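Starting from the given sequences, assemble the full structure and let the hints guide the process.
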Amino acid sequence: MSNPLEDPDDDWWNSPINRRESIWLGLAGAWSLGIFTWMAGFTQFGDQNPIGTTYDVDPDRYQERVGEYKEAAEETEDGLVPPGDDVYVGAMRFNWDGLPVVLEAGREYDVHLGAYDVQHGFSIRPEENLNKQINLQVFPGSEWVIPMTFDEPGTYHIVCNEFCGQGHRTMHGRFTVVEG
Amino acid sequence: MSAIASLFRNDYGADGFRTCSVTGLDVHRSVENYVKLFGLTAVVALAVGGSFAFSVAMTRWEFVGLLDPGSYYTHLSIHAWNLLVFWMVFMEIAVLYVGGPMVLGRALPLRRLATVGWITMVVGAVGVNASIWLAEVPNEAPLLTAYVPLPVTPWFYGTAIVFLLGATIAAIPFFATIWSETRDSRRTLPLVAFGAFITGIIAVEAILGGIAAFAYALAWRVDLIAAVDPGIYRQLYWIVGHGTQQINLLAMITVWYFLTHVVGGAVVISEKVSRTAFILYLFFINLGAAHHLLVDPGVSAGWRIWNTSYAFYGAAFASMIHAFAIPAGIEAGRRRRGQGGGLFGWLTSAPWRNPVFASTIFSIILFGFLGGITGVVMGQIQVNMTWHNTLATVGHFHATVALGTTLAFFGLVLFVIKTMFRRDFVSDTLATAIPYAYGGAMSVATLMLMYAGILYGVPRRTAEVVRNIPGSEFNLSAAIPIFMIFGVFALLAILSGVLFVGVSVGSLLLGDRLPDGDDGGMLPEGGLHADGGEPIHAVELRGTFTLCLVFLGVFAAVYVLNWYLLTQLWSIGA
Chain R
1 MSNPLEDPDD DWWNSPINRR ESIWLGLAGA WSLGIFTWMA GFTQFGDQNP IGTTYDVDPD
61 RYQERVGEYK EAAEETEDGL VPPGDDVYVG AMRFNWDGLP VVLEAGREYD VHLGAYDVQH
121 GFSIRPEENL NKQINLQVFP GSEWVIPMTF DEPGTYHIVC NEFCGQGHRT MHGRFTVVEG
Chain H
1 MSAIASLFRN DYGADGFRTC SVTGLDVHRS VENYVKLFGL TAVVALAVGG SFAFSVAMTR
61 WEFVGLLDPG SYYTHLSIHA WNLLVFWMVF MEIAVLYVGG PMVLGRALPL RRLATVGWIT
121 MVVGAVGVNA SIWLAEVPNE APLLTAYVPL PVTPWFYGTA IVFLLGATIA AIPFFATIWS
181 ETRDSRRTLP LVAFGAFITG IIAVEAILGG IAAFAYALAW RVDLIAAVDP GIYRQLYWIV
241 GHGTQQINLL AMITVWYFLT HVVGGAVVIS EKVSRTAFIL YLFFINLGAA HHLLVDPGVS
301 AGWRIWNTSY AFYGAAFASM IHAFAIPAGI EAGRRRRGQG GGLFGWLTSA PWRNPVFAST
361 IFSIILFGFL GGITGVVMGQ IQVNMTWHNT LATVGHFHAT VALGTTLAFF GLVLFVIKTM
421 FRRDFVSDTL ATAIPYAYGG AMSVATLMLM YAGILYGVPR RTAEVVRNIP GSEFNLSAAI
481 PIFMIFGVFA LLAILSGVLF VGVSVGSLLL GDRLPDGDDG GMLPEGGLHA DGGEPIHAVE
541 LRGTFTLCLV FLGVFAAVYV LNWYLLTQLW SIGA
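Chains R and H are the protein sequences, given in the same order. Numbering-wise, the first sequence is residues 1 to 180 according to this note's numbering. Numbering-wise, the second sequence is residues 1 to 574 according to this note's numbering.
Take every hint as true, because none was put in to throw you off.
Pulled a few chain H residues facing chain R out of the computed Cβ check, cut under 7 Å:
| # | residue |
| --- | --- |
| 1 | Pro230 |
| 2 | Met320 |
| 3 | Met385 |
| 4 | Tyr456 |
| 5 | Val465 |
| 6 | Ala478 |
| 7 | Phe545 |
Among the chain R residues that face chain H by a calculated CB cut under 7 Å, a handful are:
| # | residue |
| --- | --- |
| 8 | Glu6 |
| 9 | Trp13 |
| 10 | Asn18 |
| 11 | Trp24 |
| 12 | Phe36 |
| 13 | Met39 |
| 14 | Asn49 |
| 15 | Pro50 |
| 16 | Val118 |
| 17 | Leu136 |
| 18 | Phe139 |
| 19 | Phe150 |
Covered by chain R, according to a simulated footprint, are these stretches of chain H (three or more residues, beta-carbon under 8 Å):
| # | region |
| --- | --- |
| 20 | 69 to 83 |
| 21 | 187 to 193 |
| 22 | 270 to 280 |
| 23 | 295 to 303 |
| 24 | 376 to 383 |
Since the hints were derived computationally from the structure, they do not count as laboratory data. Just so it is clear, the structure is predicted and the values come from calculations on it, not from any experiment. We put the CB at the ideal spot given by N, CA and C, even for glycine.
Next comes the structure, spelled out in structure tokens:
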């Protein structure tokens, strides 16, 4: 009889395993491999992956680049209309530089995420449906280029969800998506 | 003073040993006193951190909106450090001393080191609290993570390193015991000692990562190095940030094997399988640190997939092994004694009025269903996009730590009050109520955090966002009903925590001393060891198997639901 407070019997390794425990091992192992395969496969066939290209960039240089982008963009009442397929977002205490922005539904944009000072969190959702939301980490020193295609026109709200200082909760920005 | 001194007194033989009337272990005075010391210190940290749970929860419940942002982040930091780190790690040193020298029937070696370790840990813990409380502009509250380059006082990093060094020193007597027991013999450690040993190794890995992370940040804060890389800090930090929570996991599972045996009459159904699961943890669990880097720039998809899955879910598989083995141990133990027929008779007839047993079982169930499942689901890199830095993440780790580990440690503290302090509870009714009240209230509060995060995208780490985002028309007010439930149940959970501390301290100070040989109502019906009965491998483990199938069904449902929500999103990523 085996108890967890005493040394096991000498032949503990060879003791038979209960039949139901063996079945459970099989089920748990299959489930483990199954969810691994799904996750790995989804990077190939899925449409939602937190995968993009990262470039090392000095925060000041990134701020300049966002400035150049803003110069080139067209200003409208609802925000900037990007000059091409690139959208630059510069996170800073306590503002989203480059936002608000006006985008077209159905068009693929390369969203550039970077920070000028400390770490921030890019958290975005459509106004109409709060459970459709995603969250990405933003660093100073990295420019992360993530492609996004918005299917539904509407207003998408961005808040910061990484603590960046006392005014953290006031960081708010907008993507306005219009019919393409 | 004399009341406190009397807490450290028991009747020992001339050699300093006594025989425990519950476990039958030969317990040396030295081990027992250090377990008491670390355990009591842990309860102090619990009381401090728990008090701050009140102000944190009442701020997030914006209906009350207790604190302004200036204080909120300070309170949140103190809440996190005392509960996620100090309450846990002081308890875990106690668990190591129980799992090592106490189970092996030895005196605690190197007692001076244990004392030095305890003092260093206390200095570090007090220092971390003071550095958070006294921080001044431009320094910000560190929260749990102290992410660079947000300016955090160098005193914080320094004192955190002191605490980690103290924990390392305090663990040395445990490793010395294991070393001297196994060095010259072909001895196979008992399962509890083996689990404690693996816990200790995981702990050392975590601590080394923590010292590296905090030393790196400290060097930058005191201008030894000019710049600091946020990505590198995050990688180093999460070795300890997630690693400490893996220590909690392993310590908790070790406590599960221990307590289900001594108060529930559980047996080990397969030494081979359970030990293999611990070995899987040893190799793979710390890869889970990558869970925090899944939506970070600069880490490749392959690196993230390999690490977040603990290499093909090696560690999740291990947890599912324990999820079967521990309840099956109870089922086998009780069926062999003829206690309870049918599918679940062994469970329904178990000693549910014993708070040690109920705490342990609730810990197992709630950790598995609420904490374990959500951890694996949110740990898939794609799903993580919808969980990262939302309150759902906070819900997840309240399910693992505040429900799973804390309930197991509640059970352990109550067990230690009976068996080591030899005190009766001041009130059996109140003691029995603890796991029911705390487990119930905290489960609801935890579920509400998950709903708020996943269904409404409510972020963590913010003083207000649901009713108002300053300077914006936008808010997340659709989540208000969820927070009305959360707030009430968070209060109830905090009151249940007060009940636990009250019953514990009250029993120590006012409880009757148990007579020698009295088991204090801890032993399972029929005693600890039941002879005879059929071989374990032949016992029909139908009940556990059914429960595990239910678990797998819930796991699959939560998995599918999360993936469904994800695939409703717009197209993201390359």
